[in-house]
Every structure is written in C-alpha cells, then in structure tokens.
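**Q** Chains as they are written, first to last, in this note's numbering: chain A, 2 to 262; chain B, 150 to 479.
Please keep in mind that the hints were generated in silico from the structure rather than gathered at the bench.
A couple of the hints might just be wrong.
[Unchecked claim] Sample of chain B residues at the chain A side, in silico, Cβ under 8 Å:
hint	residue
1	R256
2	T344
3	E346
4	D348
5	T351
6	T352
[As the list claims (entries may be wrong)] Per the computed footprint, the stretches of chain A lying under chain B, defined by three or more beta-carbons under 8 Å from a beta-carbon of chain B, are:
hint	segment
7	48-57
8	82-88
9	95-109
In this text, all values refer to a predicted model and were calculated from it rather than measured experimentally.
Just so you know, even glycine gets a beta-carbon here, dropped at the ideal spot from N, CA and C.
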Amino acid sequence: MAENEAHITVRDVTMAFGSFVLMHDLDFTVRHNDIFIIMGASGSGKSTLLRHMVGLNEPVHGEIFYGGASFTRADPVERNRMLRGVGILYQSGALFSSMTLAENVGMPLAEYTDLGPTEVLEIASLKLALVGLKGFEDFYPSQLSGGMVKRAGLARAMALDPKILFFDEPSAGLDPISSRLLDDLILELRDSLDATIVIVTHELASIFAIGTNSVFLDVETRTIAASGPPQELRDHSDNPSVRRFLTRGADVRIEGGSARG
Amino acid sequence: MRVVFDATALRGWDSSLVNFLVQVVEPCRERGVPVDQEGLPSGVRRLIALAEAVPERKGARTKAVPLPILDRIGLAWIRGGESVSAILSFLGDVTQAVGQLVRGKARYRSVDLLLLIQQAGAEALPIVTLISFLVGSIFAFVGAVQLQKFGAGVYVADLVGIAMVREMGAVMTGIVLAGRTGAAYAAQLGTMKVTQETDALTTMGLSPLEFLVLPRMLALGLMMPLLCLYSDGVGILGGAAVAVGMLHIPLVTYFGRIKTSVDLTMLSGGIFKAAVYGVLVTFSGCLRGLQSGASASAVGDAATSAVVTSIVLIITACGIFAVTFYILGI
Chain A
2 MAENEAHITV
12 RDVTMAFGSF
22 VLMHDLDFTV
32 RHNDIFIIMG
42 ASGSGKSTLL
52 RHMVGLNEPV
62 HGEIFYGGAS
72 FTRADPVERN
82 RMLRGVGILY
92 QSGALFSSMT
102 LAENVGMPLA
112 EYTDLGPTEV
122 LEIASLKLAL
132 VGLKGFEDFY
142 PSQLSGGMVK
152 RAGLARAMAL
162 DPKILFFDEP
172 SAGLDPISSR
182 LLDDLILELR
192 DSLDATIVIV
202 THELASIFAI
212 GTNSVFLDVE
222 TRTIAASGPP
232 QELRDHSDNP
242 SVRRFLTRGA
252 DVRIEGGSAR
262 G
Chain B
150 MRVVFDATAL
160 RGWDSSLVNF
170 LVQVVEPCRE
180 RGVPVDQEGL
190 PSGVRRLIAL
200 AEAVPERKGA
210 RTKAVPLPIL
220 DRIGLAWIRG
230 GESVSAILSF
240 LGDVTQAVGQ
250 LVRGKARYRS
260 VDLLLLIQQA
270 GAEALPIVTL
280 ISFLVGSIFA
290 FVGAVQLQKF
300 GAGVYVADLV
310 GIAMVREMGA
320 VMTGIVLAGR
330 TGAAYAAQLG
340 TMKVTQETDA
350 LTTMGLSPLE
360 FLVLPRMLAL
370 GLMMPLLCLY
380 SDGVGILGGA
390 AVAVGMLHIP
400 LVTYFGRIKT
410 SVDLTMLSGG
420 IFKAAVYGVL
430 VTFSGCLRGL
440 QSGASASAVG
450 DAATSAVVTS
460 IVLIITACGI
470 FAVTFYILGI
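So that you can see chain A by itself, here it is in the shape it has in the complex (with noise of 0.2 Å):
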C-alpha cells in the first residue's frame, strides 16, 4: 500500500446511547503508516470511538471504511475478515484469565492460520521475545504486573502480523519508563510491520513523542474540535480548549466550567 493512502476513513459517525449523543458527526481519515492520536478529556468517548472503529459498538449514523470497502455495512463474516488484518490491545490487556501467555499469543495463530501446535508455540514464543517476555510462555495473566499484561496483550494483538493495531490507553497504569518503553516498542512495530496504528489517549508525552496525526474529540461541542499533527496543534491550534490540553492547562488559570474531569 503506497503512502499516504487512506486506510481508515471515520465518515461523519455518530455515537449515541439511546437518546443521549455521545459524539455527532466525526470524519477523519487515518492514512497507511500514521501513528494517529485519539485524544480528549476524560469521558469525551475516545474508547467509546475505538469500540466503534473496530465494531464492538454499531455508530447510530455514518459510516467507517477499511481501505476502501465498508466495515459498518459489511455482514459478520466480512466483517472478521477484515479484522484479522488488525490487532488491537485493550485497556486492561484482555488476557484470557484461564490462559498462559503462549496459550494467549497462539489462539489466534491456532484458529486462523494451519500451522501445528509446534508452529504456534514458537511463534507464540516469538512475538512475546518481541515485547521483552521470553521465559514467560507458561505464565499466567494473574502472575505477571500491569505493565507485563499490557505487552502480553500486545504481543497477542500482533500475533497475526495485523496491517493496524489499535491501542486504548497504553500508558494508563504504567510508570514512566515502561510507558517510554512502550513508545518506543509501538514506533518500532509501526516500522518493521510497515503498520498503520491508532492509538487513544491523552498521555502527552507520548502523544508529543510518537503521534504523527490526530484529532481531539472536545466534550462541550460533542464533536472533533480540531486535527493535525499534535505538535501543530499545540503551536497553531486556534482553538483554545485544544491549546489548554495540549499544553497541561499552562495557558488558563481555574475557571468556571473548564475544570471538567
């Protein structure tokens, strides 16, 4: 796929629950290699759109295309075609409890592809050496730290060499490092599996770091308030809510109403 192809196109989607609107009118386009950032304040429904994107929620009216086809139209089984190409990694690292690590990474390569149970074990063992978890095949989730779920996670999300890997909250609950580790780790795979990533969150160190692309979803107009590289953003966003966020709120003293949670 050539660069700056469009990858994934958000067409002015709507999330709603019953009658209260989460988010109107959202069109954004993430292109082919972007590492595009998702943010907002808390509760403005950057999860929520993920969920959406990979449709764990149906969006109330528009439309997402992966490529060029259709993801909100297609029927089920197109549907998981299409997401086999991509890996996401959930918030709490959605290990399966009952499982070890390697039994984790090898479900996905065990139900889709026809390699022997030798085969995906090494595999398995292959993409958990890849986030710094060699050794720790017959581990289970319980066993391991916040920080060690989350790479097992990611390990299994790239079990299937996925062309997009979604991340929701990466850093949340990790400490400095590993959360700069972790960064690293993601522009690392964006490259070497020529990947496209999504990645919500609103840790500005790393959206500074590695964000090459985004859009910041504003909670008091309930749609995008503005998108660009976040570094341009926080320099030339004429939008002041965008500029108090990307800045830590460096520019406003406390006042009435802004200070949301």
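Place chain B on chain A using the hints.
**A** Chain B alone, transformed into the frame defined by chain A:
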C-alpha cells in the same frame, strides 16, 4: 455590618470546621454581607477558597423526583418487555450456537470443557451428597411419623424412593448447582466483560456464545444427569438410615420395597429432567453474566440474579414436567 472571625483560642481543626464556615460564608455572600476571614488559620481560608473556586455546575445535582404512579407502571412494563426480549434474543443466540455445535463447526477449547466438567461434576459431589442424604432422611422421617399411625411404616421406602427418583433428586441437584455453578458462571462471564475478555474474543472473530457458553452448557448438561443419579442413590440411603434406625425395618425389606416401587421409566424421567435443569442453570448463569455491567457491584448483581432466575426456571419447569408426565401417564 460584617462577619469577622476570632480563632485565637483554636488549637486544632478538621473538615467539620471548614464545612461549618462554608455554610456561614455562602449565605453571607448571597446577602451581600462582607465576610472578613482574616481571623481564620490560613489553611482554613485556602480550603474555603478552593471549595468556592468552581461554581456549582448547573444541572449536575440530580434530584430524585418521585414519578406519578402511571409513569412507574408504564416504565416497569417497558423494562419488563425489554428484559423478556433480551432473554428471547439470548435464547436465539444460544440455539444458533447449539446448531453450530451439532454441525461440528462450533469453536471452543476442549481443555476448557474438561475443566468445566471437573468443576461442575466431580467437585460438586460433597455438597450433593450432603443435601441428598439429608433430603432423603427428612422425607423418611416426616413420612414415617404419619405412616406409623396406620401401621404402614414399611411404605416409607416407597415414599422416599418415588419422591427422590421422580422429583427431588433432579430438583435438589438443580438448586445446588444453581447456587454453586450457575452463580460462578455469571460471575466468570461478568468479570470477563469487566476485563474486556469478551470484547477480545469478539474482535478475534470468536463468538463468546460458542467459546464460553457452549462448553458450560455441555458440561452441566452432561454432569447434571450423572449427579442426579448419584443424588437419587444417596437420598435412598438417607431414607434407609431413618427406616433402619427409627422404624427398625430390615435393610433387605427396605430395598425390596424400593425395587418394587421404583421403575426404569421413573428413573429415566428424573434423569431427563436433571439434564433440562442443567441447561436452564447454565442458560441463566451465562445470560446474567453476559448482561452484567462493568463494575464489581454489577457482577455481584449478575450472580444473584443468575441464582434467582435459575431457581424460578427450575421450579417452573418442574411444574410443567409434572403436568406433562401426568397427561402422558408416566
């Protein structure tokens, strides 16, 4: 006129002082009475300033307005309808998954199935033993007191045998497993929702229905009949203990009566019921688990609701079976 504070004699303070002062300062502000906070300790002044820094968000405070009775009836009706349609759609999903299983296309791990069978079957033996033995002996005891009045004490064997084999073996096992395994299923699936494991399955293209619900249903559907058979036996033994100990009926006579009163149709009827109850328990456990919200209390509610649903379904099914079996003359 203005309000001043003198705190020179104040030795220590906590939030109750701040609370009191905020209650004083706010009405003063509203009425335009100047408040001089100079006399207060600086920590208290800063906390008051902080409490007033962000004005109350309009509409954030929700007041529970009691709805008119008609509204409440209407809402209850709508919610009832929604919950019934949720149950029906889950039933449809489960049926489809069973269809996949029959066609050999269902995807689950056989390791999981074996583990579930062990948990639901072998590990339930102690509690099933205890409950069945007690139920058997209670039947015998209650029956014996009445039957002795007619000098028909020996028929206690018939009573225990028929009651255990026809109904109680299956019902008691069902209720024990509803509390033991059904609640566990609801809690497991609920927690998997909290930790997004069910989401991870879905995005991997694996149906939680096939991967999580089917093996559980198979495990209970297979183990319940066996446990029921076991429960029948233990219940009859419990009856024997009372018959021998209290009524001094010889053991041979007791089992002789059991042999004449209990037949194979009765036994297989009970075992069939047990299999159905097993499916009902799994159904309620998994339904409530997958409906669970994403919090610790929601998972607790799911477990409670699973047990209640299971027991209601078991008793309802028991009634339906009683009528059907009567009509069929079994």
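**Q** To test your reading of the hints: which numbers does this structure violate?
**A** Every hint satisfied by this model.
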